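Protein chains: 2
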Amino acid sequence: MDITIPRGYQFAGVSANIKARPNTKDVSLLVSNVPAVAAGVYTQNQVVAAPVVLCRSRTPMSHARAIVINSGNANACTGAQGDRDANNMCELVSGSMPDMESADVLVMSTGVIGKFLPMDKVEKGILAASQTLSSSTDGFLAAADGILTTDAGRKITSRSCQLGSREIRIAGMAKGAGMIGPNMATMLCCILTDAPLTSPQAQQLLTTAANVSFNNISVEGHTSTNDTMLLMANGQAGGAPLTESELAEFAEHLQSMCIELAKKIPADGEGATHLIEICVRGANNEQDARRVAKEVASSNLVKSAIYGGDPNWGRIVSAAGYANVPITISKLSLTLNGIALFAAGEPLSFDTKVASQAIRDNFNTVIELTIGDGPGECHHWTSDLTVEYVRFNSEYTT
Amino acid sequence: MDITIPRGYQFAGVSANIKARPNTKDVSLLVSNVPAVAAGVYTQNQVVAAPVVLCRSRTPMSHARAIVINSGNANACTGAQGDRDANNMCELVSGSMPDMESADVLVMSTGVIGKFLPMDKVEKGILAASQTLSSSTDGFLAAADGILTTDAGRKITSRSCQLGSREIRIAGMAKGAGMIGPNMATMLCCILTDAPLTSPQAQQLLTTAANVSFNNISVEGHTSTNDTMLLMANGQAGGAPLTESELAEFAEHLQSMCIELAKKIPADGEGATHLIEICVRGANNEQDARRVAKEVASSNLVKSAIYGGDPNWGRIVSAAGYANVPITISKLSLTLNGIALFAAGEPLSFDTKVASQAIRDNFNTVIELTIGDGPGECHHWTSDLTVEYVRFNSEYTT
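Chains as they are written, first to last, in the working numbering: chain B, 2 to 399; chain A, 2 to 399.
Careful, some of the hints might be misleading.
Identical copies look the same in the list; a pair holds intra-copy or inter-copy alike.
What the hints assert, rightly or not - Lysine to aspartate or glutamate pairs mimicking EDC-like chemistry, simulated, CA-CA at most 16 Å apart:
#1 Lys122 <-> Glu347
#2 Lys332 <-> Glu168
#3 Lys116 <-> Asp352
#4 Lys332 <-> Asp121
#5 Lys354 <-> Glu396
#6 Lys332 <-> Asp3
#7 Lys122 <-> Asp362
#8 Lys125 <-> Asp84
#9 Lys116 <-> Glu347
#10 Lys332 <-> Asp374
Hints in this document: simulated from the structure, not taken from any laboratory. None of the values given here were measured: they were computed from a predicted structure.
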């Protein structure tokens, strides 16, 4: 696998037996060799996990050195003990590394809600991770594996881009397959770059990228307590701050990489057999388009129809109708995998078998919905609702 | 079955082969022998079926004579043809009955979206129904059966109540098992009474009752295009208008009957193995409590956990957290079937096996969630999300 590792970072992923399954990586450490700027975007759930509270209080920042992540336990709904544990994780990292302060460390947790962290295991894991740090591809992959929970596979992206005379490198990793609802940054995601960015620049770039990527994905629409997306930029590509046009180009790269990573989550949604892209156009504004896309994506009726290869378009149109967004029925049109099913408020005749086969034959299903003639547009990605999803989620903790 | 039929009504339910399954009742007719007041509450979906448009323009009214209902076809998303067909159904009813105007008739349709009504079959059905009208229990039951679609069984309620010196009778029928979302009046429901009510009284009574019953149920939260709830009152109990205290007593009866009917819908939710009652307390106001209850009820993670007998309370607390309602974490408490799982923002230790068994052993699951110390409270009823629900809804039209 061809991975571009940004300059000046080291990685580790180790098994600390926090997860029930033995010998599965569950503690990851990402370290910048020099102070980096760091920006964050977080869950909008009011019930937030302890690591979110901690990170939110620290970002944006210009002295970030490390991100420590454990999987298998979300450290959410854990009260004051949870706050102490999150803080302790940062201290364990800084204590095991030279020249690092606890305040330079960010922390993420993911896994089951409402259990206290097994801090003895976490401590051993952090120590082991700090001793196996590496700037190699293997190190990066180990870290990307250590953040997974119910994911079927790792979710990574990397690229090298030429900005003027400078080669900038960007790499990212994400996790998520369930409890995925589009309200920010669903799940965990770390993007690392060696670009020289200021912390306000990093924050704005990240917020914008989250808005077109992780904010537009869902599995079942349940916003988690732990969603966190962090961007670190350590400037090790060298040179002067990015010019305005270089920044714009960087933003484009960042957005397309975030979309690429974000789509991997519903594509790997628990039990998913289809990645559904919902394109809403003609809304009065982007927010309205987003609401309609979210309602369609949240409809179990739409999602189970796609699972069954059923072009039951009435479910899609009716979901759009309860999104609390102005809709001009006479301008309402729908295509499914390019086949027109409903146009200008009237049903079209179409070959049900052909439409059904077009769903069955493709992992990707594209729903295009026009709701008026405004400029608002949104692309949302979700998974289908399958028998396997229900089976899996009825057996999670017990 | 002991059913109290209000005075001055006749009923019929016949098979017109609109539904695919042969010899299944699919046209129902409810007739008041004298002009009655009628009130309606309708879906808040912007994409509304033709019969909803028609009824909405007529209620509240004081000259209602009949409600005609077909199942098997929703007459939704059918454009101008759909409007003509709905109007035609009213004309077919008035044409087959003496002394009735088309404008005295209300109409409901339920079934698949986006297909034109087979008006030849509908016409034969209405004629047959008009010729078999009866004030007997059998007539009432036939009508209650004719409105069903994916329901496992009929949903009816009736009672006789003594208001002062007067005996007032009330009877109701409802249908619904899927596409059930709490935004009014989900599904179809007709309540008939012989009480003397004015049409503004009828409208206010119905709106209030809908708010504590049908507005607080869901199966998957998908608001349908056809939701309609009608109340007819023909005054055949005799006597003067109800006094204020009689009206209050009537309202209580109506509300408890609506709750009884409404609960039958998620209890019969497609594939359901549990009826889940979500009680939210301590909100700043009723609307906030309602939002939290709705988010919990809409969470596939919560619903599939109950299906699996899994007391995974983190899913419940986190769903409450993204309802956009102020929550005081330190006052957040949760019990599941009476077992305290989370209190004052801290996890409690409990016996997982006992909690799981309490879910498995009961069809009813009660989730009690306190989110603060305000006066706002709401009771919402929903079904669990099961493998059978997904299987069923992936095979609906094709």
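Hint-by-hint comparison with the structure:
Taking the shortest Cα distances, lysine 122 and glutamate 347 never come within 16 Å of each other, neither inside one copy (61 Å) nor across copies (22 Å). In this assembly of identical chains, the alpha carbons of lysine 332 and glutamate 168 never lie at most 16 Å apart, being 47 Å within a copy and 52 Å across copies at closest. For a Cα distance limit of 16 Å, the shortest separation of lysine 116 from aspartate 352 across copies, 14 Å, qualifies, whereas the shortest one inside one copy, 52 Å, does not. Taking identical chains as interchangeable, the C-alpha atoms of lysine 332 and aspartate 121 are never at most 16 Å apart, the minima being 61 Å within one chain and 30 Å between chains.
Within a single copy, lysine 354 and glutamate 396 get their C-alpha atoms only as close as 35 Å, which misses the 16 Å cut-off; across copies the closest is 13 Å, which meets it. Taking the closest pair of Cα atoms, lysine 332 and aspartate 3 never come within 16 Å of each other, the shortest separation being 47 Å inside a single copy and 51 Å across copies. In this homomeric assembly, lysine 122 and aspartate 362 never come within 16 Å of each other (Cα to Cα): the closest approach is 46 Å inside a single copy and 37 Å across copies. For the identical chains of this complex, lysine 125 and aspartate 84 are neighbours neither inside a copy (19 Å) nor across copies (70 Å), given an alpha-carbon limit of 16 Å.
Taking CA atoms no more than 16 Å apart as the test, lysine 116 paired with glutamate 347 passes between copies only; the shortest distance there is 10 Å, against 53 Å inside one copy. Taking CA atoms no more than 16 Å apart as the test, lysine 332 paired with aspartate 374 passes inside one copy only; the shortest distance there is 8 Å, against 47 Å between copies.
Going down the numbered hints, you'll see the structure goes against 1, 2, 4, 6, 7 and 8, while the others check out.
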